[in-house]
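S.K.: This is what each chain is made of:
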Amino acid sequence: MTQAVPQGKLYESQKLALWYFWVALALFGAQVLFGLLAAWQYLDPNFLYGKLNFVTNRMLHINAMIVWLLLGFMGGVYWFLPLELGREVVGIRLARFAFFTLIAAVGIVVLVYLLVQYGPGNAFTLWFITEGREYIEAPRWADFGIVAVMTVFLYNVVATALKAKRITGVVAVLMFDLVALAGLYTAGMHYTPNISMDQYFWWWVVHLWVEATWEVLVGSIMAMALMHLLGTPRRIVETWLYLEVALVFGTGILGLGHHYFWIGTPEYWLGLGGFFSALEPIPLVAMVVHAVYDAGVHRMQTVNQPALFWAIAQAFGNFIGAGVWGFMQTLPQINLYSHGTQLAPAHGHLAFFGAYVTAILTVIYMALHQVRRPELPRFDSKLWKWAFVLMVVSIFGMSAAMTVAGFTQTMVERAIGGSTWQAYIDAQQHPWFQNGMVWRFVFGVFFLVSYLVLLWDVATIGKGEAKVPKEVGAHD
Amino acid sequence: MTSEAVRDLMLYGMLMVSAAGFYAMFYALGRMLGRPAVVAFSYLFAALQALGALGMILPPYLDPFWKYLIAFSSMVYLFIPQGMWWVVTTFHEKEHAH
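Protein sequences, first through last, are from chains A and B.
For any residue, its number in the numbering used here is found by taking its place in the first sequence, counting from 1, and adding 32.
For any residue, its number in the numbering used here is found by taking its place in the second sequence, counting from 1, and adding 332.
Be aware that one or more of the hints could be misleading.
Claimed, not checked - The calculated label-pair distances, taken between Cβ atoms and stated as ranges, are:
| hint | chain 1 | residue 1 | chain 2 | residue 2 | range |
| --- | --- | --- | --- | --- | --- |
| 1 | B | Gly366 | A | Met207 | 39 to 45 Å |
| 2 | A | Pro409 | B | Gly415 | 19 to 25 Å |
| 3 | B | Arg367 | A | Met207 | 42 to 48 Å |
| 4 | B | His424 | A | Asp76 | 26 to 32 Å |
| 5 | B | Glu425 | A | Leu126 | 40 to 46 Å |
| 6 | A | Ala204 | B | Gly415 | 25 to 31 Å |
| 7 | A | Thr224 | B | Glu425 | 52 to 58 Å |
| 8 | B | Asp395 | A | Glu44 | 55 to 61 Å |
Just so you know, the hints here were simulated from the structure itself, not pulled from any lab data.
Where a beta carbon is used, it is the ideal one built from N, C-alpha and C, also for glycine.
Only chain B is shown next, with the shape it has when bound in the complex:
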């Protein structure tokens, strides 16, 4: 592996996971405050997360196993905020209903 490949993989990996975190944070914040603009802003980070994943998948640095793994992670990150929001609010609503 070349030094450029190591550099690219590290930076895209950092971008992928940190953007996933910001996506989750802004999405939850937008839903919490009832502000669609903040939710829409969160999708920018979702796109960045996907971009980070593509940066690792598209170049020929990694074997297919690792590319599939990163693609799978990236897909999961795309739906975590919505899924978790549903889980959290459902939990709490049920609790309040008791």
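Only chain A is shown next, with the shape it has when bound in the complex:
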């Protein structure tokens, strides 16, 4: 039995989604701010030394990113799920409880990071301060919290589908993906003093959790978004989604091997990881064709221009960030020299922005349209264009600057200098590296400005006087 809400009203699940979006946007700001502080500390290492150290800023920068993207995805699912299944989400109270629990936990973890920062390398520190493991620094109690919240999320999706007696292709993919999302994170809790084994499972979280389960999750959300934004038929959207899942399994999972090249794992990972990683850009190139087709068919017109532009940016951003910047350093012969240089964050910044940030912004603009002015024939503003262009230019600027710096490290420190301590210092003092760091900061400031413009637009778009209806050429 369906529970359709009256025209102009929202499901409770959609109201909850809006909370997710606002907190996500706030944490996006925190990510940018702490990233900028860390970027400045590259130029002036004494800045805030002893008060807010580089490692803390970097940790907050990365962890804020992981949490806000996760919140954005969850908000996206809570927004589209009732539309997809035609009924309210089951366990909405539980969902609200999970939301507030997650927010409280994030708040406590951030305060501990800021005020306590680190502790002795014992079990107490690991459980209550930080695990001290790059990218997954969250203390163990927070790890369990994340798994618990994801399990509640999974329950809500499965129970809603069962109650609605309707499991669409998108929802089926989503359910299987959420099992992996909750399960794979536990790999990060496997601690062993053997550094190779520790790194082996650590990459399961950093690569398989973030790059595989997130890719499928964002694929499911974009599938639902495209059906509502462009009226793309379900059959096409679901076929592409199945194809994407196949490609993630086909190249993405064993592509994990490119992180196993130099951590003491068996030699066969060189061949396995290199082979599947080299093939990873192929489906991304194919997606470029489809993005051009979709944009062309709709002549870049739809009722929601900002959502359309962010959706198109998602297809191209994924290709450039993950495909081009990934391939540049994925062959083991190159990776031996480039791994851990500024080339890695150059790839990371472009790939995360291209694949995930753009997708969440697409959904947020779609939600805002529905909430603010569903009757408007064109949901538009002048500001979003500024935010879009500034943000895209500044992320490319930052990544280009880091690419130059990383290239210098690869050449000067590794290939020429042979990874000695002196070679490390030579690379750090090289003008190309230092200028790269300066330009990274400058574009970081531009990014902060673009974030503020985006935030202002999100807060104001669709408000004010009704606009004169215009002819639109796309399906709503």
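Take the given structure of chain A and dock chain B to it, following the hints.
M.R.: Relative to the frame of chain A, chain B by itself:
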């Protein structure tokens, strides 16, 4: 491996994949707009993509396994735009026919 080899492999790798992307973009754009000149322009990037692959294959930097792998990728990139265009338009035509 020498520093020159690392540099060459990185730059040719970047050229190969980015040119493949531009090839796909301009090819699809040309077909979408019905402009053969844009399609023809896209072949310039196809050539650049192949050039990037050759830059990695011809020098003696890599073992045969990796050379075959890059040659295979390069061949696939050459046909992705046409293949994908066919897939996309066929999908959508079938949908409109229903």
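S.K.: Give a verdict on every hint.
M.R.: Quick rundown of the hints versus the structure:
no.	hint	result
1	B:Gly366 with A:Met207: 39 to 45 Å	42 Å, holds
2	A:Pro409 with B:Gly415: 19 to 25 Å	38 Å, violated
3	B:Arg367 with A:Met207: 42 to 48 Å	44 Å, holds
4	B:His424 with A:Asp76: 26 to 32 Å	55 Å, violated
5	B:Glu425 with A:Leu126: 40 to 46 Å	45 Å, holds
6	A:Ala204 with B:Gly415: 25 to 31 Å	27 Å, holds
7	A:Thr224 with B:Glu425: 52 to 58 Å	55 Å, holds
8	B:Asp395 with A:Glu44: 55 to 61 Å	59 Å, holds
Figure legend: structure checked against the earlier numbered hints; hints not met, in rising order: 2 and 4.
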